[in-house]
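Student: Chains as they are written, first to last, in this note's numbering: chain A, 4 to 311; chain B, 4 to 311; chain C, 4 to 311; chain D, 4 to 311.
Quick caveat, the hints were computed from the structure, so don't treat them as lab data.
All figures in this text were calculated on a predicted structure; none of them were measured in a lab.
Heads up, none of these hints are tricks.
Identical chains share a label here; the pair holds if one copy fits it or two copies do between them.
In silico SDA-like links for lysine to any residue, alpha-carbon gap of 25 Å or less:
(1) Lys146 <-> Ala161
(2) Lys285 <-> Asn219
(3) Lys36 <-> Met304
(4) Lys285 <-> Tyr139
(5) Lys285 <-> Glu138
(6) Lys292 <-> Cys130
(7) Lys292 <-> Pro77
4 protein chains.
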Amino acid sequence: MQTQQIRTDLALEAHESIDQSTTHIHGIEVNEKDFKEDQVHITTVSVTTKNAAKALGKPMGTYITIEAPALDIPDDGSHREVSTHLASILKELIPDFENEKSILVIGLGNRDVTADSLGPHVIDNLCITRHIILEYGTAAYDKSRMHSISSLAPGVMAQNGMETAEIIKGVIDQTSPDIVIVIDSLAARTLHRLNRTIQITDTGIHPGSGVGNHRNALTEESLGVPVIAIGIPTVVDAATIVWDALEDFSKKSHHSIDLHMLQDDCSNTMLQELNNMYVTGKDVDAIIKRLSFTISEALNMAFDEIEA
Amino acid sequence: MQTQQIRTDLALEAHESIDQSTTHIHGIEVNEKDFKEDQVHITTVSVTTKNAAKALGKPMGTYITIEAPALDIPDDGSHREVSTHLASILKELIPDFENEKSILVIGLGNRDVTADSLGPHVIDNLCITRHIILEYGTAAYDKSRMHSISSLAPGVMAQNGMETAEIIKGVIDQTSPDIVIVIDSLAARTLHRLNRTIQITDTGIHPGSGVGNHRNALTEESLGVPVIAIGIPTVVDAATIVWDALEDFSKKSHHSIDLHMLQDDCSNTMLQELNNMYVTGKDVDAIIKRLSFTISEALNMAFDEIEA
Amino acid sequence: MQTQQIRTDLALEAHESIDQSTTHIHGIEVNEKDFKEDQVHITTVSVTTKNAAKALGKPMGTYITIEAPALDIPDDGSHREVSTHLASILKELIPDFENEKSILVIGLGNRDVTADSLGPHVIDNLCITRHIILEYGTAAYDKSRMHSISSLAPGVMAQNGMETAEIIKGVIDQTSPDIVIVIDSLAARTLHRLNRTIQITDTGIHPGSGVGNHRNALTEESLGVPVIAIGIPTVVDAATIVWDALEDFSKKSHHSIDLHMLQDDCSNTMLQELNNMYVTGKDVDAIIKRLSFTISEALNMAFDEIEA
Amino acid sequence: MQTQQIRTDLALEAHESIDQSTTHIHGIEVNEKDFKEDQVHITTVSVTTKNAAKALGKPMGTYITIEAPALDIPDDGSHREVSTHLASILKELIPDFENEKSILVIGLGNRDVTADSLGPHVIDNLCITRHIILEYGTAAYDKSRMHSISSLAPGVMAQNGMETAEIIKGVIDQTSPDIVIVIDSLAARTLHRLNRTIQITDTGIHPGSGVGNHRNALTEESLGVPVIAIGIPTVVDAATIVWDALEDFSKKSHHSIDLHMLQDDCSNTMLQELNNMYVTGKDVDAIIKRLSFTISEALNMAFDEIEA
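Isolated chain A, as found in the complex (with noise of 0.2 Å):
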């Protein structure tokens, strides 16, 4: 059965699905660590060879991917362990982060699309500090040394008849921040990672990923600082739950079924249909406000420490 169908924007998901069926690949290194008593588990994949890339369909870098079974269940305290391990990935991500940087923080999607709106959702919550900072100095905030930040949720391109990629690097052009970190909304393959997985990466943003399907890449390479990305898959593609669940009886019923006669049959109406219609929760609106809230204090702890 070939891969094409299957769409996923977690590393961890796509170096899951090589696993199974074939040999180990050189160039993929995988190291897991476990939090018993925060219910955390932190996988890192690094891919550090070309063909590890192509065969992983994604870039060369590091993908670390925090599974929290327990965040999308509503908590009093917003989950603060998952925004402590994230915070924690982050000040050890971001490159020579114990000096002073400035910080932009992109809010990716579209407000009015629910399971796209994680990244405006986050950038609401942020403490911004960049202009109190340049117009009065750290010395506002009782402080001598600070991270500077700025936000932006720039919309979609249905939205604003330009490239999100266009709006960064005209902004990144006019305040010449240090880093971009970008929020985003992904898509998973398997329903149990939906509202529970961060995938937290320093390779950016790659055409065609993300619930909003951006074109254009947001890299180090096309914005010319680095780019860390942080993401959180709120979608399945209907038609790759339809896909796996074929599969999935294939196997169990023991006939050998040529899988592909189905996806070449024009006649196929089903999964046309399936095309650009996805599978989430009932309560993905509440979900969403709450993610958005863990991300967002993980930013805000992380930003805050910086040692004098």
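Given chain A, work out where chains B, C and D should sit, using these hints.
Tutor: Just chains B, C and D, lined up with the frame of chain A:
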């Protein structure tokens, strides 16, 4: 294959499902009208015997379905042609509508859950007249005869701690409407009916129907006044999609496969995960807003016309 | 100068207004407590005679005012110190609160009018337990004794075509709560009380009070159960501001000016234009959201504590 | 009395203020047109000399004001007559508009502050074409010649940590529009102009103007392309209302009162409290939504018409 897996709130789909597998059932009458220039197809399913009701899984009564394939596409006139058909159907279905009536319109569902927010959104755009007529008479509108319109968006049990039916009964006792019209978001079986179909029925709302899964009935029997229900399918159950795909595949691959095997398999975690998941389009937020306007305009048109 | 121009929903302000101009009135008792570390000042005005009620323009009963000057400033803990004081006051004011009660919380006002949206916002964050307790008992919460909480945001007459009182009466008849708590947005006389003051009273809601100007009373007399009202002033009437400025000016300029002249002047278009206008801060949208959280936390705290 | 207390973003009001107190100023031309059937009055104030600009407190340029007293009243056609006049004015004011232009529309203001949300709301309803034309050409719209429309709602400095001007400059550098149109919420001096007046000017946006108080200019000089600004007054400064009332009173009572006394009085806490307060109507949320639709329709009408 058992029909228990298949969930649809549309009598039309329930009938199609039966129609394919069995012979004609006594007590079900189907009439169809096609309005080519409007791209509107109207099917009336009359269920007149208890046997037929049992076979269909829907109570005895009249189910009118407007299918309008263009309904989910943005339109400058907000699909006024569909509003006009819906208004005509309402004027025929509401008993004794040529005389002045006091009408209570209920917008069921959760305003904060996009796929369940159709009802509250319809209420937002209704022309409400009851309080004006009570205080100033119909003269306030320069009319001698008018319907008196009130409305309520009661929210859902998780928000209120009360059954929707309790709230509505209480309001009916206090304000004594002649007729109740209930607006609800439905679940369809097939994707091509999503957001393109309007069902109008004189049977009210029955337990387990709708996206919000109401537990108590809203019917003439339970409320004491005639109840007209207007529903639009905004979601398809994810399990239904997968099930239909498997069945489709089973037919196409010419294997006589025992689908019960799959269903009974306790290790089938995918089907378990699919519970409470639904399939919807990415633009569901915008579609719901537009659909609610088409419905509210139909109600405003129907309520406004009463001959002197 | 006549007091007819002056509109305030705060008994504290009504009392100040009288206090300055006349001698002590029998039947009004005032007690004050200051909580320095919390920046909270609590004043209890008890109105015990009909004469005093008439002089004050407020019904007989207890009016407790929490003044917290920092309340309109963002705070990491959402002003938990104020929530704690409010919770204590509620536990004392609600009769027989040490025993299990069924409590219906009503969020008055219009969700779509920022200055009138406090009530609906408070409802959004309440812990609702009635439906769970009815179905599974208090065991669902691992408790032996619990208050049963339900809520409703009924909207306003212009949206529903029904008096808010009609809706609430109907819901009380169906669900038989022991106590009703009503949350409302109020009008203050002075700007420095705006969004910094909470009034709690056992007299309920009276016609003409609140930002939304309810026409029917919500009192123990009209609803048949005790009614506690919690209100925060979110607006000052624009006419009141101008009138007070003129009076202030009149005093300062040492002219004995006949302000009635101005009031009676039919050509005084400014005062006419000021009708239905109010004075508010630019950040009212954000303040209302924060205040509603402080109130809902107080209710959650009060409702949660019941000794076994 | 000094004019320093008086804040208005409307050139028309600034001119009225001068007109009453001084003789005719060279360099200010005023033309008025009345459209009785449309209930629309259009005044063009041309400021052609530096002296006149100084006297008026507004830069040299053309200021066109549409006064439509019915504009704040709900209307089935969303006041299409006003949209039509605004479209005509835009087509005359935009240089070389009969040829294809690339137009960037900026919605200034804070979406979460009702009185400042006009700009973002206008953007929501615009027909955006740039991305379609770039990818498929004007053929996608069955036209040979079209304006290319893009848009941005950049938010405010407190949200972004960046000057709005920085963001807009960056976006202009990347996307090279021929013209920028900026939509903003304004402050008026008098209540009867609130939500009933539209000002169109070719001078752009100047520091300190608008509800959001932008610090940097958005003008042809600062952005490098012509800037048309469209503004509607949604608030009146509370201090202005009080000041005008005092002045009015001072005249009516025939006392020659020294208003400076009041202003200089440090103990005048009321005027201090009035800072950052504004006067607005209770239905401002609904009015802003309706007004934004009238404006966006005018833009859509203007942009749509280009002769082949």
